[in-house]
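Sequences listed follow chains P and Z, in order. Residues 1 to 300 in the numbering used here are what the first sequence lists, from first letter to last. Residues 1 to 270 in the numbering used here are what the second sequence lists, from first letter to last.
Hints are computed from structural coordinates only; laboratory data are not their basis. Ideal placement from N, C-alpha and C gives every residue a C-beta, glycine not left out. Be aware that a few hints might be false.
Simulated DEER-style distance windows between Cβ atoms [to be verified]:
| # | chain 1 | residue 1 | chain 2 | residue 2 | range |
| --- | --- | --- | --- | --- | --- |
| 1 | Z | L17 | P | L282 | 31 to 41 Å |
| 2 | P | I148 | Z | T53 | 33 to 43 Å |
| 3 | Z | A14 | P | E62 | 45 to 55 Å |
| 4 | P | E62 | Z | T56 | 20 to 30 Å |
| 5 | Z | W6 | P | Q187 | 17 to 27 Å |
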Amino acid sequence: MVNRVRRNSIWRRRRLVGYAFIAPVFAFLCAVVLFPLAHAFWTSLMRIRGLSATFVGVQNYERVLGDEAFWHSLAVSLEFTAACVALHIALGLALALLLDQLRFARTALRIAFLTPWMVAPAVGATIWLWLLEPQFGVVNYLLQAAGIVRAPLAWLGEPALAFASVVAVDVWRGVPFVMLLMLAGLQTIPREQYEAAAIDGASAWQRFRYVTLPNLRYLLVVASTLDIINTVRHYDIIGVMTAGGPAGATEVLPVLLYNTAFRGNRFGEAAAIGVLLLAIVLAFSIVHIRITRPEGSASR
Amino acid sequence: MRALRWVVVVAALAVVLFPFYWMVNTSLKPQTEIFRSPPTFASASWSLDAYATVLTQRPVGRYFVNSLAVALGTTALSVVLAALAAYGFTRFFPGGAMPFVVLLLFTKMLPETLLIIPYFRLMSDLGLLNTYLALILAYSSFALPFSVWMLIGFFRSIPRDIDEAAMIDGASYMQAFWKVILPLARPGLVAVALFTFLIAWNSYVWALVLTTDSSMYVLSVGIANMVGEYRVQWNELMAAAVIAALPVMLLYSLLERHLVNAITAGAVKG
């Protein structure tokens with residue numbers, strides 16, 4: 001009791017000292033996050049021409065929302081995100097199940113499978129540019145040698161192929177992330193549940209369906225929301241591989257935003273696209289944070 | 001059954017790692033062999049020539065130094081601010097830590113392409129384009145929330161009794177922080193510092209926008225830019241990619257056991 005009183009008094013007495021510890025981070029976050037964010041909002045209400053900026057209200061939003069290119073880009077973004085996330089989750093889970101059962105070399109294999117995720121997305125995308133090079137790329141060579149295609153394909157030159165290519169590269173990079181999460185989740189499933197299922201004569205599929213999946217449900221939802229957030233706002237891979245082309249086939253929202261700002265020099269419209277993208281991300285962030293409720297985990 | 005499992009694992013591994021094999025293979029080939037058909041999967045003429053060319057005749061060494069300077073600067077700034085904040089929250093305002101963490105999670109999820117617009121305009125107004133400072137500030141905007149989040153977790157695991165005991169023995173708050181808690185938190189600090197470093201090292205689009213002078217490019221931007229050349233020297237490009245990727249792979253392997261914690265930001269309930 002005495003101890004409790006003394007303990008609290010040590011920290012309570014000097015709240016000012018506490019403020020001194022946390023003030024720098026608040027000041028800094030205001031400067032590097034909050035202020036730029038407010039500035040972006042402000043930009044979305046302005047028309048920027050060279051050095052002059054005029055307030056135009058919601059005109060940029062009207063223009064963006066009235067533009068075919070935005071809706072096309074939104075559709076591409078949704079398709080890209082849906083395809084990537086579905087494949088990340090399916091393959092990541094499959095890979096985790098595969099690795100979880102192994103007796104040895106687990107850590108080494110985990111690291112090996114993680115390498116695509118470790119390397120900078122821009123650098124990974126550059127490696128793939130070379131693999132997919134139409135004339136001398138090894139992918140065309142292998143497919144032709146295996147008799148799968150007859151003539152070399154222009155992977156990034158045709159809309160459908162280019163879309164498939166950037167999805168493939170994003171999947172290559174994103175699967176390890178889900179795999180890692182799922183491996184962690186598999187560790188937490190009590191062995192007894194599998195033993196009980198085995199005693200009841202459950203098949204491998206039934207054990208997966210009625211023991212593994214229900215136990216992983218929470219984690220699967222968390223991984224999906226987190227992955228949606230990370231994929232829908234990702235620029236680097238597509239920026240490096242196609243810059244949105246050909247004919248806008250891979251122009252997801254972040255790429256449209258970049259192109260509008262830094263190729264089209266229309267900062268106001270770009271900021272408006274950014275705010276709309278932020279709204280999408282924020283919607284998923286709220287879902288994600290509601291599900292995970294960090295109170296539980298960070299107290300560890 | 002077990003053999004089959006291994007077959008699948010090895011096949012999957014081959015697919016996943018093939019691009020890296022091809023990167024290394026290409027980087028070791030002489031220029032003349034790059035455009036040979038069929039391509040060579042291993043060659044007697046492997047050499048380190050492309051690395052030598054890249055480091056002496058191209059500014060890849062310079063890119064490396066730029067990446068290093070920016071990543072180290074970001075790490076130093078983020079970790080110092082984060083350590084102070086994590087100590088302040090876990091010691092003085094434990095109740096406020098969680099709302100703050102939620103706020104940080106939102107910050108972490110902001111689309112970076114939205115933020116590069118104000119960064120570009122503000123930095124060019126301030127005349128800070130093509131400076132390390134601009135990149136360090138920009139990188140800190142997404143590295144800092146991560147560092148604070150991780151360190152709050154680490155500092156919580158150190159009981160308050162420890163610094164209370166130190167203060168009863170006459171230490172000041174700063175001394176308790178500096179001489180008692182920081183040394184105890186060292187493994188956590190090292191892990192957080194390395195992660196922050198890697199986040200900064202791998203970042204691309206910020207540097208793409210905030211550097212226009214090629215002598216200020218970081219590795220990711222410099223490498224991606226080499227693709228746009230009139231005639232791409234793929235062996236040199238892949239050598240540069242190896243130089244960018246290798247340190248990252250080594251560091252991440254060291255951090256393997258912290259990874260789950262770091263990437264999930266609260267997703268796995270312990």
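Do the hints match the structure? See the list:
no.: 1; hint: L17/Z <-> L282/P: 31 to 41 Å; in the structure: 37 Å, holds
no.: 2; hint: I148/P <-> T53/Z: 33 to 43 Å; in the structure: 35 Å, holds
no.: 3; hint: A14/Z <-> E62/P: 45 to 55 Å; in the structure: 52 Å, holds
no.: 4; hint: E62/P <-> T56/Z: 20 to 30 Å; in the structure: 54 Å, violated
no.: 5; hint: W6/Z <-> Q187/P: 17 to 27 Å; in the structure: 21 Å, holds
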